[in-house]
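*Asks:* These protein sequence lines map, in sequence, to chains P and L. Everything in the first sequence is counted per the numbering used here, starting at 1 for the first residue and increasing by one. Everything in the second sequence is counted per the numbering used here, starting at 1001 for the first residue and increasing by one.
If you are wondering where the hints come from, they were derived from the structure by calculation, not from laboratory data. Fair warning: this is a prediction, and the values are worked out from it, not measured in the lab. Worth double-checking, as some hints may not be accurate.
Beyond 10 Å from chain L on every Cβ pair, some chain P residues (computed) [stated by the list, open to error]:
id : residue
1  : Phe-12
2  : Leu-113
3  : Arg-195
4  : Arg-219
5  : Leu-222
Quick look at which bits of chain P chain L covers, simulated, 3 or more residues with Cβ under 8 Å [said to hold, decoys possible]:
id : segment
6  : 33-42
7  : 49-57
8  : 60-73
Just so it is clear, CB atoms sit at the ideal spot from N, CA and C, and this is done for glycine as well.
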Amino acid sequence: MTLLEVERLEAFYGDFQALFGLSMRVEAGETVALIGANGAGKSTFLRCLVGLLDDKRGAIRFAGQPIDREPAERISRLGLSLVPEGRLLFPSLTVEENLLMGALNERPGSWTLRRVYDLFPVLAERRRQMPNALSGGQQHMVAIGRALMSNPRLLLCDEISLGLAPVVVDQIYQSFARIRSEGASIVLVEQDVKRASTAADRLYCLLKGRVTLEGSARRIGLDQLSRAYFGA
Amino acid sequence: MIWVETVVNGMLYGGLYGLLGVGLALIVGVMRVVNLSHGEFIVLSAFIGVSLSGMLPWVYPLALLLPVAIIAFGLGFLLQAALVNRVVTRPDPFASILLTFGVAVVMRNLMVEGFGADPRNIPSGRLAHASLAIGGLSVGVLPVFILALSVALFTALQLVLTRTRFGRIVRATADNRDVVRLMGVNPGRVYNAVMGLSLALASVAGMLLAMRSSFTPYSGVERLLVAFEVVVLGGLGTFWGAMAGGIVLGVAELLGLRFDPNAGPLYAHLLFLAGVLLRPNGLFRART
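Based on the sequences and whatever the hints tell you, model everything.
*Replies:* So, in structure tokens, the structure goes:
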């Protein structure tokens, strides 16, 4: 079953066009990587999906339902959850309160505070602390946990390896297996091409707001990928 | 002894000034909007109180605090939903300042039209003059009640904001109004409730002020000025700071009046000026 279907998506910031007819799909249970250099339009694309960017054209269907004109608060209730770039935790809320914010839309499912603490045990120890007292990796865990608390059907992760030690990134990537086994599909936005292609089933390469390459992550060769990535 | 009495009474009335300010601080803290019509809503609440006590003369005026607060909550909710939410997301602060300034002007003139320009007050009966003798000091019953009520309301507000689901949503929305949308929260609805809460708190202060001294449709500016001084003196966005700022201003005003009966609130304003010059970030800096 196709979970997410995007057709000829165009997005604008005022006079500036950021996406040019972008099409992609995510099947249920799949992990899809979205790679591309800075400014390729990856984050813009995610903002369009979750409804934070209104100035757009094209069709977005989630579980068969058109969502391109829906406001962000409605889209989240359908089970589309974003781990935003830079985490964007709530600094006035404790770790646990941040996690509870994710549960506000009361979607039924298996993710609860206890399951999130099972997944990231260090968060249980730090549940009463403010997010700014945590390390970068731990803050990422809070952001992922917060997104999971809404029991998403599709989890969108924006640059979660950015600025983290490789060991911590490994730990976070290992959690994806558990997340998938609970039935969620994942879209990974990454600059680290190697990591993305090992974690994903399929990948899309973006360049200047267009898809330059798509296919099975295992079959795409590195030189083919670097041409799509740099546009050489 | 009379000076000690004055200081104590000033502290007791200061709670009222704190309440005036805390509603304003709440709006600034949660939605970065300066509500210039805050004072007019305080005065309108007092007019509603006067009208209600005229219609229901057998009801004790203090019993009207709750119904007036509920009406003020509804007015705040409507103000936010109908008007302020249209400008609150704009990056420049002038839109909301102009809007609330316009609302203030319209309200002032409607109140003159509807209630006339004569000074009014809410009769507080015997309570206004009743006093207690505590350790040789004569302390008014009404001021003690006012301080107790202010402290209770401050505590309740603090508990609501830190311990409840609603408070969590309010704090998160204040932190980032885009990200809460990803959790299914509509920031506009949060703002509606917060504006209602702000004006409900202000209405209690407005009613109690109207029991202490008379007011006219033009009193809103003075009320707003006090609210501003309280908020700035206490440090923007801190609630207990607003309470402390209110008490400092209350003491300064009563001491000034004792010193020079014609001074009015002059000494409170001078103290505020000194405070801003010496401690530009507020007397009591703390995180909310």
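*Asks:* Counting residues of the segment 49-57 of chain P with a beta carbon closer than 8 Å to any beta carbon of chain L, are there 3 or more?
*Replies:* Satisfied; 3 residues make the cut.
*Asks:* Taking a Cβ-Cβ distance under 8 Å as contact, does the segment 60-73 of chain P have three or more residues in contact with chain L?
*Replies:* Satisfied; 3 residues make the cut.
*Asks:* Is it correct that the beta-carbon of Phe-12 of chain P has no partner in chain L closer than or equal to 10 Å?
*Replies:* Non-interface label stands for Phe-12 of chain P: nearest chain L Cβ at 18 Å, farther than 10 Å.
*Asks:* Taking 10 Å as the cut and beta carbons as the points, is Arg-195 of chain P off the interface with chain L?
*Replies:* holds (25 Å)
*Asks:* Taking beta carbons only, do three or more residues of the segment 33-42 of chain P come closer than 8 Å to chain L?
*Replies:* violated (count 0)
*Asks:* Quick check for students: does the CB of Leu-222 of chain P sit more than 10 Å from each CB in chain L?
*Replies:* holds (35 Å)
*Asks:* Please settle this one: Arg-219 of chain P was flagged as non-interface, so is its CB more than 10 Å from every CB on chain L?
*Replies:* Non-interface label stands for Arg-219 of chain P: nearest chain L Cβ at 34 Å, farther than 10 Å.
*Asks:* Is the Cβ of Leu-113 of chain P more than 10 Å away from each Cβ in chain L?
*Replies:* holds (14 Å)
This entry does not satisfy hint 6, going by the numbered hints stated previously; all others are met.
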